[in-house]
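*Asks:* Chains as they are written, first to last, in my numbering: chain P, 1 to 463; chain E, 464 to 735; chain Z, 736 to 1336; chain S, 1337 to 1649.
Source of the hints: derived by calculation from the structure; they are not laboratory data.
Ideal Cβ positions, reconstructed from N, Cα and C, are used throughout, including at glycine.
Residues of chain E placed beyond 10 Å of chain S at every Cβ, according to the derived structure:
{"no.": "1", "residue": "Gly476"}
{"no.": "2", "residue": "Leu483"}
{"no.": "3", "residue": "Phe497"}
{"no.": "4", "residue": "Arg500"}
{"no.": "5", "residue": "Gly509"}
{"no.": "6", "residue": "Asp513"}
{"no.": "7", "residue": "Ile515"}
{"no.": "8", "residue": "Gly522"}
{"no.": "9", "residue": "Met538"}
{"no.": "10", "residue": "Leu569"}
{"no.": "11", "residue": "Leu729"}
Only part of the chain S face toward chain Z is listed, based on derived beta-carbon distances under 7 Å:
{"no.": "12", "residue": "Ala1338"}
{"no.": "13", "residue": "Arg1552"}
{"no.": "14", "residue": "Gly1555"}
{"no.": "15", "residue": "Asn1569"}
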Amino acid sequence: MHQTGTASTGRVLQNVHNSIVTVDQDLNVIPMLAESFEQSDDGLTYTFRLRPGVKFHNGSEMTSADVKYSFERCANPDTGAVNFEVFNAVESIDTPDPLTVVVTLNQINAPFLSRLAENGAGVIMPEGSGDVQGETPIGAGPFRFVRREFGNEVELERFDDYWDGPAYLERVIAREIPEPTVRLTGLRTGELHMINDIPADRIGEIEDAGELQVVKWFPLNWDFVNLNHTFEPFQDARVRRAFDMIIDKEVLLEGALWGQGAVTASPSYPTSASFNADLVQRPQDIEGARALLEEAGYPPGSLDIVFKATTNYPYHIESAQILVEWFRMAGVNLTIEQLTWADWLSQCWVDRDFQMTMMNFFTLWEPDFLYYSLFNTVGAFNYRSVSDPEIDALTEEARITVDPAERAEIYKAVQQRLFDEAHDIMLWFRNGSIGAQPSVGGLDTIVHPNGSNLNFHKVWLNA
Amino acid sequence: MRGFMTGKGLLGGGIVITMLLVAILAPLFIPDTFATRMDMRARLSGPSLDHIFGTDQLGRDLFYRVVLGAQTSVMIAGAAVLMSVVIGLPLGIISGYYGGVIDNVLMRLVDTLLSFPALLLALTISAVLGPNLTNTIIAIGIAFTPFLARIIRGEALRVAQMPYVEAARAAGTTDLKMIIRHVLPNIMPAIIVQGTISLAFAILAEAGLSFLGLGTQPPDASWGLMIQASRDYLDVAPWTALVPGAAVAITVLGLNMFGDVLRDVLDPRTQT
Amino acid sequence: MTPIINIEKLRVTFGKGDEEVTAVKDVSFSINPGETVCIVGESGSGKSVTSLSLMRLVEFGGGTIVDGRMTLAGENGAIDLAQADADTMRDIRGDEMGMIFQEPMTSLNPVFTIERQLTDGLRVHRGLTGQAATKRALQLLKEVRIPEPERRLKQYPHELSGGMRQRVVIAIAMACHPRLLIADEPTTALDVTIQAEILALINQLKRETGMAVMFITHDMAVVAQIADRVVVMYRGDVVEEGPVEEIFANPKAEYTKALLAAVPRLGEMRGKAAPEPLRLVGDTVPPKPITPRETPELLLEVRNLTTYFPVKGGPLRRHVANVHAVEDVSFTLNKGETLSLVGESGCGKSSCGRSILRLVEPTSGSAILDRKDVLAASHRDLRILRRDMQMIFQDPFASLNPYMRLSAQVAEPLRNFDLARGLELQDRVAALFDRVELPRAYMRRFPHELSGGQRQRIAIARALSVSPKLIIADEAVSALDVSVQAQVLNLMMELQADLGLSFLFISHDMAVVERVSHNVAVMYLGRIVEIGPRAAVFENPQHSYTKSLMLAVPIADPRDRKQIGDLNFKPIPSPMHPLSYTPEPSRYETVGPGHLVLREG
Amino acid sequence: MAYIINRVLSVLLTLFLISVITFAVTNILPGDVAMMIMGTQSNPEALAGLRESLGLNDPLIVQYGRWIGGLLTGDWGHSLVFREPIAPLIAQKVVASGVIVVMSMTIALLFAIPLGVWAAIHRDRWQDSTASTSALVGVSLPDFFWGIMLILLFARALGWFPSSGFVHPADDLLGAIRHAFLPSLALGLGLMAHLTRMTRSTMIGILQQEFIRVARAKGLAEREVVWSYGLRNAIGPVLTVAGLQVGYLFGSIIVVESLFNYTGMGWLTYQALLNRDIPLIQSSVFVIAAVVMLTNLLVDLLYVVIDPRIRLS
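Model the full assembly from the supplied sequences, consistent with the hints where possible.
*Replies:* Structure (C-alpha cells):
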C-alpha cells in the first residue's frame, strides 16, 4: 500500500512474517507456509495443507489453529487490521486436523487467493499473539524481531529454526535516513552496507563509477494526480480530460524523477494479465486543453486551484512545481500547499478536503484490490469520491467472475473507462533502486516479485 | 551622519540599501515567471552566459530566482520583525515604564515564552496555521516577540529612571506625552539596532522553516527555500546553494554591520 | 636636591589625523622626595592625562606621548619614562610609583578577594607568595588603619564601605613602598568626613615613608589642606607653579586668580546677614546681598514629613524592612528665601526634596504650599500644583533628554499646562534663554552640543518657564567645575533677587551652602538635626553631628589646616529598620531665634 | 539563600505557565491523534470509537488535569507512534541532546571567548573586524547548510567522522563523541557569532574599568590583566548569554538532529510534530521548555558562585 517514507524501515520488518501463500516472478499464486492449496469447483471452498514443522519465533510449531486465529484476527476490523474485507465473504474457517485449514465462502470471491498472497492478509502468526504484534512482531519469517524505534531504527536477528533454512545474515539493522545526501554519504563512507532509494539524479553517476552495486527494478510504485470529484469543476469530464492534456507525463517524469520510471496510462501491474496495453496517454495539448476548459465554461483565469502535495515525497513537490508552469499556460492558476504526511492524511485521505493532490501507491498487482478499493464508490481508498456507476458495476462483476480470462477483460474495460473519464490522471510507474557495498551478496533475491517487499533471507555479506 | 562614512558604514549601508532596492525594484522590471521558468535540458547547469548564476534542479535560472526571491525574503523578514516590534513595543513600554504588578505579570509571561525555542514556537505556530506566506510571517513574528518585548522593557525601564523623565514629570508631563516625547525617542536606537539584527535572524528562521517544509511554498522563490532545495545537490551543483547562500550571508553581514554603525550614529553624543 | 621625577615639555595627544586632540600641550614640572605636589585644574586641563602619562597608562586609553621627557631618578641612574619599554615600565609601576584613583567603588576588582589584590603587586615585584605575602598584606592593611584587618583579607570589595575601599586602594599602591605616590582625585567621590580621613592618611603615610606625593584635584580647598607646592593647569598647559601659601596669597596668573575668586570659602560669610553672589574676576560692581522681605511671607510649610522605602527580601520577596529615608522632618520656607538641606550621602536630603514634589510618595506628613497640601492632592490637582514648584537636578547630562531640541525642552512645561502656543510660545522660550544668559542660537541645538554649565542653565530655564514660586535645586551645582559653579550660583541668586523665588537648596557642600542660604537645615539619618538661620548654624553649631561636619570640611586656606587628632568620625549607622521598628518623633530644643537642635540621646 | 528560594519559586510558576501554554498550543494543532493511529485505514466510526477510548472527547480542563497529574506522578503516557512509554523515551533523548548541546556550547565558547577577547583588545582595528566578521559568517547561513557541508567535508572527503546516527555515551563514550561532533560543530558555528560579539562588548566595558587601570598600575603583565582580571569579570555575563543561547540551541537541534539522524530531543519533537503524536508533542515541548528554563536557572546559580557580589546579597 502506502510507503511510509522513502527510506521506510517497514519493508525490512516484513521479514519477520511469512504468508500462507505468495506469488512467483510471474505473479502466479504459489504455496508458502501452506504446502499446497486447492479450490472447490464451485469456487466457494479453499483447502490449505500446511507445511509440517514450521516454527514460530516463540518456538511453537505452526498448526491449523494458528492459521484460523490469524485469519479471524485479520477479518476483524476492530483489531485495526487493514485487510479485513478480504475475508468479507468468509462463512467459516474449519480445522479438521492440525495441518489442514478449510475456508468456506458464502459467495464467490474470485480474488480471495491472490489477496491472501498480497500485502499481509495471508500472514500467519502464533495463536494469541495479536496483542503483542504491534510492539513486538512475532511470526514465522527468516528473521526475528529484536527492537524498533519509530522513525529511526529496526533491528532483526536471524531465526535459526526458519522452515526454509536459516538466513545467511546474523542481523539486519535498518535505519531511516531521510536526507538523500546523508544516506548516500553513509553508503559511500562504508557506514552503511546498503541503502534503499538512491537519489534519482545519482543513479547514473554511481553506476558509472562502478564502485558500488546498484540494483534497479521496475516497478516500485505508481503515481497519479488526484482530482476531487466533489469539487464542482471536476465533476465535468471535460475539465478532467483537459487537465490530463495539460500534463506532459514524460517531461514530468524526467523533471521529478530524473527519468527513473516509465509513464503509463493504467495503474495495473505492467506484467499482469489484466494490464490494458492498448491505452496510450493523451499527449500534451495545452491549446486543446484551453479549448476544452472554455467549452466547459472555464475560460482562462477563471480556475484557481490549490494543489496539496506532501513533503513526505519530495518528488511530488518537484512535480507540483512543474505542473504550476503548465497550468499557468493553460490559464489555470495552481497554488501549491505543502503538507506533512500527517496533515496530508488527515486533510486529503480522511476529510477529503482538497481540490487536487498527488499520491503514489505500491504496485497492487491484484486487480480487485486495486480497482475496487480505489475506484469503486464504496472503495476503502476512494478518497477522491469517484462515483462512476459503470466502474462500480464492473468491479462488482469481476468479484464474482471466476474465469481468469474473463476477469482480465472486465478489468481492461475498467481501465478504458478510467482513461476515458479521466477520473484521475495516471502518471507513471517508478523504479525501485538499492545501492550496496561490493561486499553484499545475493542482491538478485532481495526484491519480492511484487516489487515492494525486501527479502533478506538469501542475502549475505562477504568478508 | 558622518558615522556612515566609515568603511564599515559604507559597506553595511551599501549592502542593506542594495538589497532593499533589489527587493523593491526587481519585481517591477522582471516578470515573476522568470523565477519559475524551467528548462529541462539545462538542469543543474553551472554558471554560463545563458545563466550567469547557473540553474537549479528544475533548470530554473538562479539569477532570476535569487533576485526575485529577495522580495519574498526581505518581506517575510521585514514584516515579521515589524510585527514583533508592533506587539513587543507596547508590552515592553508598559512593562518597563509602569513597572509593578503589570510588569511582573507581563515579564513572567515573556520569560515563559522565552523558554520555548523560537524555532520550535514558529514551527508549532506554522503547523497550527498551515503553511503560506502570511502564516510564516505571523509564526516568525510571534516567535520573535518575547525577545523584542524583553529588550524594549529593559530600555524603557532604563529610560523611565532617567532624571530627564523625572524632570518632565515634575514639569507636569502626562504619562502618554512622557512616553511619546521622552521614552520612545530614547529607546528607538536600541529597537532599531535590535530590529536590524532580528532581520538577519528572521531570514535564517525562514530558511529553517523551509527546511522543515513550512515557510515559503514552492515554486515561489525565497532565499531560504532555495538553500533548502539545494541541499540534495550541494556536492554536484554547489552553485545552487552558494548563490542563495551568498545572498543570505551578505545580507546578514550587511545588516549586522549596519546595526553596529546605526548604534554609533544614533547615539546623539557622536552626532555632529 | 635631585627631584624624583622631572617632567619636561610633555606633550600628549589622542586620536589620529583630523581627529587628533592635544590633551597636554607643554607641561614641565618636577617633584622632590618627600614633597606633596598638587596638580590642580578644571576638567579638560590635562591634569589626569599628565598623571597617567607618568605611569605610561595613558597609552591604554588611546593616548600617545608625542614629545617630552619624564626623568625618574633612581639608584641605578635616571630613566626617561617617556622612552622606557613595556617591561621596564611594568617593573616601575607599583614598585617605584604607586597610583590611586578617583572611584573607590570601581577601583577594586569585584571578583577577587582583598588579599589577592593586595598580594599581586608583592608577587610580581617582590616575589612574595603564600604566608609571606599574606603577612605583608595584613601589615599593609594595618598601615592604612583599616579596622579588623584580618577579616578584610578574605572579604570582597563590595563588602567594604567606600572609605575602606579607598584605604585598600592606597594599601595596594603602597605595597612596595613606592618613592612616588600618584593620587588622582582620590577623595572626590567621598563624603566630606571620609575625605578628611583619607587626606590625613595620605599625609601620615607620606611622613612615615618619606615618599613624594603627586596629588591631582580640582578642589582648591583640598589643595590648601594638603599641598606643599601647587601646579595649576589650564587646557593642557601649566599656567602657574609655586609653594601653596604663595599661590593662595598671591596668585600671579589670571586664571589662578579667577579660579580662587570662584571658590566659596567656608567662613567667609561670617558677619554677613544675607547671602550674596560671589565676586568673580571681571565683576566691576560689588555683589548685592539678597535681603529677605521685611515681612516674611510663608510659602512652604512641611510638617512631620516621613518617607520610607520598602525593602523586599526573603522567599516570595515579601516586604521585610523599611529604609527610613526621611524621618519626621518639619520646616518652613518663606517667599524669596533659600533654605538649604545639607548632609552627607544617604542622609535623606534628596528624598526629602523629591517627597515634597511627590516624585517619590511620602509615607506621611504634609507639605503645604501656598495653603494647598501637596501631599494630600489628587493626581489631577498635583499636576496643577507642580506649576508652582519646579526642580533642578544634579546631573546636567542626564536631566536633559538627549533627543529633544533645547527649545522644546524649555517649552515642555509651558505646553504641558497650555500656557502659551505658537509664536507666543517661541517668544517666551527665547526670553527664557535670554534670562539664563544663553544665546538664542542655542535654541535649535541638542543637549550634547552644550557644556555642563550651559546645560544646567537650560535646566534652570525649564524650571523657570512656568514661573514657579518654589524651585528645589538638588545638588544643582555639584557636578560643575568651580568657575562654572560660581556662575550658575550667581545666576540663581540673581533670579531670586529679581523674581522673588524661593529655593530649597539641597547640597553636600558646606561652603556653597554658606554662600547661598538664608536658613540651613542639617540632615543626618533622615532627620533634621539642626535648623536655623545660616549665621546661627554655621557660627554656633550645637548638634554634635553639625560640629563634626564643620570640622571635616576642608578650608580653602593653607594657613588653616586640620589637625589629625581632630579627625575621628563615627560611621553612619544604617537607616534600614525592620517593619516592627517604631521611631521616636523628632523633638527639638530652641537655642536661639529660629535655631532648633534635635535632642540627642 | 533567599535568592535561591525566590528563583526556585519563580521556576515553579514558570513551569506551570509552560505546561499551560504547551497544552493549549498542542490542543489547537490540526490533525487528530485517532487519525494518526489509524492512518490510511481511518473510517469515521472507528475514529469516533478510538477518540472516545483515548479520552479525546473529555473537556479540555479534564484532559489538562489528567496530563499534568500524569506528569507529576511519573506516568507520562504512551507515545502513539513510538508505542512506548513517553518518560523513558524522553529521558533517553534528553541525554542524546545533552551531549550535542554541551559539545556545541563548548566548541562555541572555545572559539568565541578568545576571539572576543582578542577583538576587544584590538578594538576598532583590523583584528577586531576580522574577528567579528569571521564569527558572523557562521551565523550568516542556516544550520542545515553547514550540516551538509560538514558531512561532505568531514565524513565523505576526509572520512574523519560518521555522517549520521547516535551512539549512547554509556555504551561507547568515544563513539558518542564522534557521532555528536559534526552536529555539534554545525550548531556551534551558529552560536559563535553572538557569543563572540557578547564577549567582545563585555570585555571592552571591563577593560575600561578603573580596576583594570589599578591592576596595570600595580605592574601586572598585560596578559594577567586581560586574561585574569578582565576575563574573570566577563565570564558571568558571557555565561548568561550562553544560557540564553540554550533556548536558541534547542530550536536549532530540531533541524540539525533531523539532518544528521541524531535521535535526540529535536529529532523526537520533530517526529512527534510531523506525526501529530499529541501526547508526545506535549511532553517533549514541555521538557524542552523546562530544560531551557532550568539551564538558565543553573546559569543564574553559577553566576552566584562566580560573582561574590550576588553570593552575599
